[in-house]
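S.K.: Sequence:
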Amino acid sequence: MPLTDEEWVAFINETNDMVDNVGRHFGVLLEALDELRRRTPEVRERGDLEPLLRRFIVLASAQAQRIRERLNSFLRRLNDLRELGEL
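For the sequence shown, this note's numbering begins at 96 and goes up steadily by one.
Because the hints were derived from the structure by calculation, they are not lab data. Note that beta-carbon positions come from the ideal geometry of N, C-alpha and C, so glycine has one too. Check before you lean on any hint, since a few could be wrong.
[As the list claims (entries may be wrong)] Each pair of labels, with its calculated beta carbon distance range:
{"hint": "1", "residue 1": "Pro146", "residue 2": "Asp175", "range": "41 to 49 Å"}
{"hint": "2", "residue 1": "Leu179", "residue 2": "Pro146", "range": "44 to 52 Å"}
{"hint": "3", "residue 1": "Ala159", "residue 2": "Asp100", "range": "18 to 26 Å"}
{"hint": "4", "residue 1": "Asp175", "residue 2": "Glu145", "range": "43 to 51 Å"}
{"hint": "5", "residue 1": "Glu137", "residue 2": "Ala159", "range": "20 to 28 Å"}
{"hint": "6", "residue 1": "Ala159", "residue 2": "Val138", "range": "19 to 27 Å"}
Start from the sequences, fold in the hints, and give me the full structure.
M.R.: Encoded structure:
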(Lines of atoms letter the chains of each structure in order from A and count residues from 1; the text may use other names and numbers.)
(Lines give C-alpha, C1' and ligand atoms only; values in the text may rest on other atoms or scores of the structure.)
Protein backbone atom coordinates (compact mmCIF):
# COMPACT_ATOMS: atom_id res chain seq x y z
CA MET A 1 0.00 0.00 0.00
CA PRO A 2 1.46 3.40 -0.96
CA LEU A 3 2.26 5.95 1.70
CA THR A 4 -0.39 8.49 2.67
CA ASP A 5 0.40 12.20 2.56
CA GLU A 6 1.01 12.19 6.31
CA GLU A 7 3.34 9.21 6.01
CA TRP A 8 5.27 10.94 3.23
CA VAL A 9 5.65 14.03 5.42
CA ALA A 10 6.92 11.81 8.27
CA PHE A 11 9.29 10.04 5.87
CA ILE A 12 10.66 13.34 4.54
CA ASN A 13 11.09 14.63 8.11
CA GLU A 14 12.92 11.41 9.01
CA THR A 15 15.17 11.89 5.97
CA ASN A 16 15.90 15.49 6.96
CA ASP A 17 16.67 14.42 10.54
CA MET A 18 19.09 11.80 9.26
CA VAL A 19 20.86 14.33 7.05
CA ASP A 20 21.06 16.84 9.93
CA ASN A 21 22.34 14.16 12.28
CA VAL A 22 25.07 13.05 9.89
CA GLY A 23 25.93 16.71 9.27
CA ARG A 24 26.40 17.25 13.01
CA HIS A 25 28.73 14.25 13.23
CA PHE A 26 30.77 15.57 10.31
CA GLY A 27 30.82 18.98 12.01
CA VAL A 28 32.38 17.44 15.11
CA LEU A 29 35.01 15.79 12.92
CA LEU A 30 35.77 19.03 11.08
CA GLU A 31 36.11 20.95 14.36
CA ALA A 32 38.46 18.31 15.73
CA LEU A 33 40.50 18.34 12.53
CA ASP A 34 40.70 22.14 12.65
CA GLU A 35 41.89 21.97 16.27
CA LEU A 36 44.47 19.37 15.29
CA ARG A 37 45.69 21.56 12.44
CA ARG A 38 45.90 24.67 14.66
CA ARG A 39 47.63 22.95 17.56
CA THR A 40 50.07 20.74 15.66
CA PRO A 41 53.01 23.22 15.62
CA GLU A 42 52.84 24.00 19.37
CA VAL A 43 52.20 20.40 20.33
CA ARG A 44 55.03 19.16 18.11
CA GLU A 45 57.44 21.56 19.86
CA ARG A 46 56.47 20.08 23.24
CA GLY A 47 56.73 16.54 21.92
CA ASP A 48 53.05 15.82 22.65
CA LEU A 49 51.85 15.30 19.10
CA GLU A 50 51.26 11.56 19.46
CA PRO A 51 48.63 11.84 22.25
CA LEU A 52 46.80 14.57 20.29
CA LEU A 53 46.79 12.40 17.18
CA ARG A 54 45.56 9.42 19.19
CA ARG A 55 42.73 11.51 20.64
CA PHE A 56 41.73 12.66 17.15
CA ILE A 57 41.81 9.10 15.80
CA VAL A 58 39.59 7.87 18.65
CA LEU A 59 37.14 10.73 18.07
CA ALA A 60 37.16 10.18 14.30
CA SER A 61 36.51 6.46 14.75
CA ALA A 62 33.61 7.12 17.12
CA GLN A 63 32.04 9.72 14.83
CA ALA A 64 32.50 7.47 11.78
CA GLN A 65 30.75 4.64 13.64
CA ARG A 66 27.85 6.94 14.56
CA ILE A 67 27.55 8.07 10.95
CA ARG A 68 27.58 4.46 9.70
CA GLU A 69 24.95 3.44 12.24
CA ARG A 70 22.68 6.36 11.34
CA LEU A 71 22.99 5.78 7.60
CA ASN A 72 22.54 2.01 7.95
CA SER A 73 19.44 2.54 10.08
CA PHE A 74 17.98 4.82 7.45
CA LEU A 75 18.86 2.41 4.62
CA ARG A 76 17.21 -0.46 6.51
CA ARG A 77 14.08 1.69 6.81
CA LEU A 78 14.14 2.35 3.06
CA ASN A 79 14.53 -1.36 2.32
CA ASP A 80 11.65 -2.20 4.66
CA LEU A 81 9.43 0.34 2.89
CA ARG A 82 10.41 -1.07 -0.51
CA GLU A 83 9.69 -4.63 0.59
CA LEU A 84 6.27 -3.54 1.81
CA GLY A 85 5.62 -1.89 -1.55
CA GLU A 86 5.34 1.55 0.01
CA LEU A 87 8.11 3.11 -2.07
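S.K.: Can you tell me whether the CB distance of Leu179 to Pro146 sits inside 44 to 52 Å?
M.R.: 50 Å, holds
S.K.: Does the Cβ pair Asp175, Glu145 satisfy 43 to 51 Å?
M.R.: Cβ of Asp175 to Cβ of Glu145: about 45 Å, so the range 43 to 51 Å holds.
S.K.: Does the beta carbon distance between Ala159 and Asp100 stay inside 18 to 26 Å, or does it fall outside?
M.R.: Roughly 36 Å apart at Cβ, these two residues miss the hinted range, so it is violated.
S.K.: With 19 to 27 Å as the target window, see if Ala159 and Val138 comply at their CB atoms.
M.R.: 23 Å, holds
S.K.: Can the suggested window of 20 to 28 Å be confirmed for the beta-carbon pair Glu137 and Ala159?
M.R.: Because 27 Å falls inside the window, the suggested range holds.
S.K.: Can you let me know if the beta-carbon spacing of Pro146 and Asp175 is within 41 to 49 Å?
M.R.: 44 Å, holds
Hint compliance for this structure: hint 3 alone is broken.
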